[in-house]
Amino acid sequence: MLGWLLRRIGQIVPTLLILSVLIFGLQQLMPGDPALILAGEERGDPQVLAQIRAELRLDRPLPEQYLHWVGRAVQGDFGFSWRIREPVAALILEKLPVTFQLAVMAFVIALLIGIPAGIVSAVRRDRPTDWLVNGVALFGISMPNFWLGIMMILLFSVQLGWLPPSGYVPLSEDPVQSLATTIMPAFVLGSGIAGVLMRHTRAAMLGALAQDYVRTARAKGLAERAVVGRHALRNALIPVVTLGTIEFGRLLAGAVLTEQIFTIPGFGKLIVDAVFNRDYPVVQGVVMATALIFVGLSLVADLLYMAVNPRLRAG
Amino acid sequence: MSAMSDDRSGSGGLNRPRSNSDSPGRRALRRFLRHRLAVFGLVVVVLFLLAALLAPWLSPADPLQTSWTAIRKPPSAAHWFGTDENGRDVLSRVLHGARASMAAGVLSVTVALLIGVPIGVLAGLAGGWVDAVIARVADAMLSVPFLILAIALAAFLGPALENAMLAIAITASPIFVRLARGMALEARATDWLEAARALGNPPWRLGLVHVLPNIVPPLLVQATLSIAEAIIAEASLSFLGLGQQPPAPSWGSMLNSAQRFLTQAPWLAVFPGLAIFLVVLAFNLVGDGLRDALDPRGERR
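Just so you know, the sequences run in chain order A and P.
As numbered in the working numbering, residues 559 to 873 make up the first sequence, in order.
As numbered in the working numbering, residues 45 to 345 make up the second sequence, in order.
Bound conformation, chain A alone (with noise of 0.2 Å):
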């Protein structure tokens, strides 16, 4: 279990290193020169741009930029944002609960309504109860989370008056509230992640009813509610359990336009805003803490794939 653990971490050390040269790398793609964004009204002025350059490091060759990059960037440091002087690790960190907030609440939303329509299409198979669910699923995978924000706020906020349009309040402050401003885009990040969870669930679901234990559960008399719900569906959620944790990951990235929609000030919107100010130390940044988190949750969900299945534990 150990040497696993080691020998999986010795894959994703390399992964990130890599990683973190294209992100460096991303950099010289920009055109013009970061100097004279930065010096904004003195870019006139040479000794100003030297010092920003100086500064910078940018007057270093670039092997030498990338190590002193890389070596904060390891100790959780990724500079200073260009817009307002403040560690680009400390944004990200403020803004994180507020997108985890949100990213809990479409997961929650989203095994709720995934799970029990990936049971009913699989039982129900090739019936009308099936092809209404995969419809829906279907549905849910192919709408754009921004449009279906948009319509949703124009049907409960502009029409209904019954939801707040946008904002955000944090729960620790009026917990009311704060489910009021959240509940809509939770829903809307939500939506995709149960259609794919609903799809899942069903093809491990059917699988599962394949086996012969459930057709020894069925043999012995068993009611076809405990075959399902005790047999077949405990063995079918192992790879649903692994495949959803990496979903929770990929909500990151639905709630970049998520929560531009409904102006929420969490990562999302970190993002998008550094973009308009051309504040690439925090683009870098929040590029770089995606992927940890989402190397993360896929260590976390190959863990977990262990813990529910003993078979694989001493490979």
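Simulated from the structure, these hints should not be mistaken for lab results.
Don't take every hint at face value.
[What the hints assert, rightly or not] Covered, in the sense of this in silico footprint (three residues per stretch, anywhere, with C-beta under 8 Å from a C-beta of chain A), are these stretches of chain P:
1. 279-285
2. 300-312
[Stated by the list, open to error] Here are some, though not all, of the chain P residues that point toward chain A, as calculated from beta-carbon distances under 10 Å:
3. Gly226
4. Pro316
5. Asn328
What you are looking at is a predicted structure, and each value in this text was computed from that prediction instead of being measured.
C-beta: ideal position from N, C-alpha, C; glycine also.
Got chain A; can you put chain P on it based on the hints?
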């Protein structure tokens, strides 16, 4: 033909005995055509492609023509989809917007295939450190969610439709590297590839003649699904102002400006979004149908 209830249950193999002259391609085509939803998806895809190609002739008006007498008019006989905040005809803009979307979807994925497949096949056939490096780079890129990587690339490249398309193409390529590499690795282990190598075929010939034909089916399925993803990505980038630049029409940027007029002109938000949804749905349906048709035993991811 008993097309009923046959979708994706994988029972297609029992229907009728097949003659030996039946090629795998024809069999796959028949399975695909039996998949009614997939055929519907294909029809919608073709309609959107036609709309994109024929937009200048189909449009009732010039998509850029502003009119101070027709500002934010709801749908009517004169303007089927209404007019926008500058009095432009929304139907004409949606039709022209199909060009940006379809171009981004089809061209980006084509470029992604052209980048990803040769690199993947090379990695799989070469093995050793070449393979190790390529596989790690693909892993690294795949560890950043699609949209975030595309946004970052587009941000550094600068806001323009071509840059957005390039960003999407780069972001979409590692999945093809991974797919092609896997298939090439499988092929490398077979006797027939060993035989071909022993006969003195150069590596590029091995890749082109012996590996590529075998990986076409899974590539086709992935390419279709990637097009759906690329279209959403283009719309998202344009929505954020990183893709097609106004006043040129694109569905994403139309939705962005529609957001400001939700109370006064809700139709502005309905039609471009509906177009994105329909075309993405259609590509997903075709992708699902292709997957079932080309690999009837295969489970759905």
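Hints, verified against the model:
1. Remark: the stretch 279-285 of chain P is confirmed as covered by chain A, as 5 of its residues place a Cβ nearer than 8 Å to a Cβ of that chain, reaching the required three.
2. Note: the stretch 300-312 of chain P has 5 residues with beta-carbon separation from chain A under 8 Å; the three-residue rule is met and the coverage holds.
3. Taking 10 Å as the C-beta contact cut-off toward chain A, the hint placing Gly226(P) at the interface is violated, the least distance being around 16 Å.
4. Taking 10 Å as the C-beta cut-off, the interface hint given for Pro316(P) holds, the closest approach to chain A being about 8 Å.
5. The criterion of a C-beta within 10 Å of any C-beta in chain A is met by Asn328(P), whose closest approach is roughly 5 Å, and the hint holds.
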